[in-house]
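Undergrad: For reference, the chains in residue letters:
2 protein chains.
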Amino acid sequence: MLKHPDAQIISLGIGDTTEPIPEVITSAMAKRAHELSTLNGYSGYGAEQGEKQLRASIASTYYANVGLEEDEIFVSDGAKSDISRLQVLFGSNVSMAVQDPSYPAYVDSSVIMGQTGQFQKDVEKYGNIAYMRCTPENGFFPDLSSVPRTDIIFFCSPNNPTGSVASREQLTKLVQFAKDNGSILVYDSAYAMYICDDSPKSIFEIPGAKEVAIEVSSFSKYAGFTGVRLGWTAIPKALLYSDGFPVAKDFNRIVCTCFNGASNIAQAGGLACLSPDGFKAMMDVVGYYKENTQIIMDTFNSLGFKVYGGKNAPYVWVHFPGRSSWEVFSEILEKTHVVTTPGSGFGPGGEGFVRVSAFGHRENVIEACRRFKELYK
Amino acid sequence: MLKHPDAQIISLGIGDTTEPIPEVITSAMAKRAHELSTLNGYSGYGAEQGEKQLRASIASTYYANVGLEEDEIFVSDGAKSDISRLQVLFGSNVSMAVQDPSYPAYVDSSVIMGQTGQFQKDVEKYGNIAYMRCTPENGFFPDLSSVPRTDIIFFCSPNNPTGSVASREQLTKLVQFAKDNGSILVYDSAYAMYICDDSPKSIFEIPGAKEVAIEVSSFSKYAGFTGVRLGWTAIPKALLYSDGFPVAKDFNRIVCTCFNGASNIAQAGGLACLSPDGFKAMMDVVGYYKENTQIIMDTFNSLGFKVYGGKNAPYVWVHFPGRSSWEVFSEILEKTHVVTTPGSGFGPGGEGFVRVSAFGHRENVIEACRRFKELYK
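For the record, the sequence lines run as chains D and S. Sequential numbering from 3 applies to the first sequence in this note's numbering. Sequential numbering from 3 applies to the second sequence in this note's numbering.
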C-alpha cells in the first residue's frame, strides 16, 4: 500500500465473510436488543452452556439424524474460543496430531498450553506434535499407518486451507484409528454447510464416533457471524475418559468456570438462523460464496493450474509446484494487488500452495480473477 | 420449591442484574444489528482486542486521570472469561494469593489450570494458594505482614462478597507489597462505579501501580450486561516480566490465539454506555441498586445485626457470629423463601456470614426485607 498508494487492493486472504447478514436474522437480534430494555424482556446471566432453546435447535437441525441431544451441545462465542477451552480441558501433558496443512489455531493454542516441544526450524515443526501430511497424492487424507499414537487428534473437514472434504470411508478409518489408540478426536466442522456431495457433514454420522469424538462448529461462515460471535461444541455423553468419567462433564466445568455464555443477542440471532426462513437465508449466503468459489476454480483451471478444494468448501488451494508459497503470494500481491494466503502459513505441508478464499463481494472476485488471468496468461 | 410449591421465592443470591438496560444503549445495539444486514454497515471479524473506538472510549472514560491509553485496553466478553485468559497467560507453575473470602472464579480457574495443590478438607483450602483473610477485625484488608510471597495476587475492590472497598492508603500498601515481592497484582474493579466515597476506583490511581498491576473490569453490573457479555482488561505497557518483556504483549498473543473479540453488537452497546447519555443512564441503574442496598442494610441494622459492605458495593455482608453460613442460608430460605448466598461459598473466611445481593426489583427487595424483619424480629 505504501508502494502503490492508489492500488485497488482486493483481499481474498483471511477467510472473513463480506456479505450482509440476512435481515430475518438481524431483525431477531435487534428485537432481542430492544426487549432487553423492557421489564418483561430483560434477562441477565444465561446458562453458561447456552440457552435451552438454541441448544435444542442446534441438536435438531444438525444432529437429529445421529441422535445427539440438547444437553450434548455447548453454545459458545465461536470455534476459536472453544478450541482453546478444549485445550484447557486437555491440559499441558498431552500429545497432539494435526493435519498438515491446517487452520493454525490448533497448533498455536497447543503451543500456548505448553503441550509442544521446541520449534524445529529445519522442518518447520514443533516437537510433540504429529503432523499428518495431507497432499494431492494421498487425496488430502493422511496415511494413518504412518501417524504415531497421540492423545488428541485435531481434524478439520471440509478442510481449511485445502478445501478438501473427507469421505465416509476415510472418516470411518479415522474413527477406528482414534478408537484403536484411545485418542480423542476433535472434529472441526465449521464449513460443513458448504458440502454439496454425500460426504458426512458431521463426524457423528460415522458409527462409533460418539465414543471418540468432539465436534466444534460455528455460525461464522454460514450466516456471516464472524463479528457477531456464535458457535458450538458437541460432546456426546458416550465419550468417556479411560476411567469412565464423561468428557462432557469435565468440559461443562471448564465452560462454567472460564466462560459466562455467548451474548444473549447473538444467541437470538442463532435461533433465527435455524428457523425455516433463517435457514433458507443462510443457505443463500453459503450459495453465494459457493458461486464465488466456482469462478475462482474456473479461472485457475483455465490457466492450467492444478486446483484443489473448492467443491465442498469456500477455499481454493492452488498448486505452484516447486515454488515458495511466500514468493508466489508476493508475486500475486505485487502484480495483481490481490491478497491471498501463502500455504506454508498453515504448516510445512502447505509449501508450494496458495489459498484463495471465496469470501468477497462478487465484483471483487470477478476483478481479482481478471487480474489473475492477466498475470498468468 | 418441591416442599413449598406455592412459595413466592425471591432471589437475592447470585449477583444477577434484574433491571432493564437503558434504551439509549439497547437502541445502539439494535441499530448495529440492523446495519449488519446492509452492504455498507456489515463487518466481519473485528480486532481481537476490541474496536479501536471502544478501547479509546474506555481509556478516556475510566483512565484519563491515570494516563492509560487505548492500546492498553483489551475488550473482552466479560471479566470471568478474562480471568481465565489471564490464568492461561500465567500457566500452571505459579503461586497465587486471593482474598478470603472472594469471588470463586479466581480459585476455581487456578484449580483448573493446575496451579493448586490438594484440597485440604480440615481447613477448606487448596494447597499452593495463599488465602489472605479479610475480616471485620482487619477492616476486610489483609494483614500483609502475614501473607507469603506469591507470583500472582488477585484482589477485588469493591469486594465481592464482603462489599468492602480498600482505601487509598491500603492500596498503596498492596502495590508496594506486590512490588517488593515481584508479584503481578490482578485487580478486579467490576464494581468500581458503586464507589461513592473517595476510595480509588482504579488501582492505577496508586503511584507505581502501572508497574505491577493488571485491572479487570466489566459492563455487567453497570449497564445490566450480564447476558450481553462485555468487559475489559487493562494492562499497562509499563508492566514487565523480570526479563523486561511486556506482559501486555504476551496477553495480546493469548487474546489473538484463544479469542476472536467480543460480539460487535455488544461492543456497539459498550460504546453507547460511554456516551454522555448512556453514562448518565448507567449511573441511574447503579443508583437504583444502591437504593436497594440501603434498604437491605437498614433492615439488618434495625434488627441488630452487624452489617458490612453495602456503602460502596451492591452486596451486604451480614454477620451471624458462631453460626454456620449454610445453616443460616437454609433457615432464611426455609422461613422467608428468600435466596441469599452462604458466606463459606466464597472461602473459609466467609464462614459465619451471609451475602445479600442488592440486584433485584425494588418490590422484591422490600418484600424480602419485610420477611427478614418477621423472621428476626
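Hints listed in this document are in silico derivations from the structure and should not be mistaken for laboratory results. Be careful, since some hints might not be right.
For chains that are exact copies, the list does not tell them apart, and a pair is met inside one copy or across any two.
Straight-line Cα separation of at most 27 angstroms, DSSO-like style, residue types lysine-lysine; simulated pairs [stated by the list, open to error]: (1) LYS379 x LYS282; (2) LYS181 x LYS337; (3) LYS175 x LYS239; (4) LYS379 x LYS175; (5) LYS33 x LYS282; (6) LYS54 x LYS123; (7) LYS123 x LYS251; (8) LYS54 x LYS5; (9) LYS212 x LYS379; (10) LYS54 x LYS379; (11) LYS251 x LYS127; (12) LYS5 x LYS175; (13) LYS313 x LYS5; (14) LYS54 x LYS282; (15) LYS212 x LYS308; (16) LYS212 x LYS375.
Undergrad: Against this structure, judge whether each hint is valid.
TA: Going through the hints against the structure:
no.: 1; hint: LYS379 x LYS282; verdict: neither (39 angstroms within a copy, 62 angstroms between copies)
no.: 2; hint: LYS181 x LYS337; verdict: neither (49 angstroms within a copy, 54 angstroms between copies)
no.: 3; hint: LYS175 x LYS239; verdict: within (22 angstroms within a copy, 50 angstroms between copies)
no.: 4; hint: LYS379 x LYS175; verdict: neither (42 angstroms within a copy, 72 angstroms between copies)
no.: 5; hint: LYS33 x LYS282; verdict: both (20 angstroms within a copy, 24 angstroms between copies)
no.: 6; hint: LYS54 x LYS123; verdict: neither (48 angstroms within a copy, 36 angstroms between copies)
no.: 7; hint: LYS123 x LYS251; verdict: between (39 angstroms within a copy, 23 angstroms between copies)
no.: 8; hint: LYS54 x LYS5; verdict: between (53 angstroms within a copy, 26 angstroms between copies)
no.: 9; hint: LYS212 x LYS379; verdict: neither (49 angstroms within a copy, 58 angstroms between copies)
no.: 10; hint: LYS54 x LYS379; verdict: neither (55 angstroms within a copy, 42 angstroms between copies)
no.: 11; hint: LYS251 x LYS127; verdict: between (33 angstroms within a copy, 23 angstroms between copies)
no.: 12; hint: LYS5 x LYS175; verdict: neither (50 angstroms within a copy, 54 angstroms between copies)
no.: 13; hint: LYS313 x LYS5; verdict: neither (36 angstroms within a copy, 60 angstroms between copies)
no.: 14; hint: LYS54 x LYS282; verdict: within (23 angstroms within a copy, 35 angstroms between copies)
no.: 15; hint: LYS212 x LYS308; verdict: neither (37 angstroms within a copy, 55 angstroms between copies)
no.: 16; hint: LYS212 x LYS375; verdict: neither (47 angstroms within a copy, 55 angstroms between copies)
Comparing the model with each numbered hint stated earlier shows that hints 1, 2, 4, 6, 9, 10, 12, 13, 15 and 16 do not hold.
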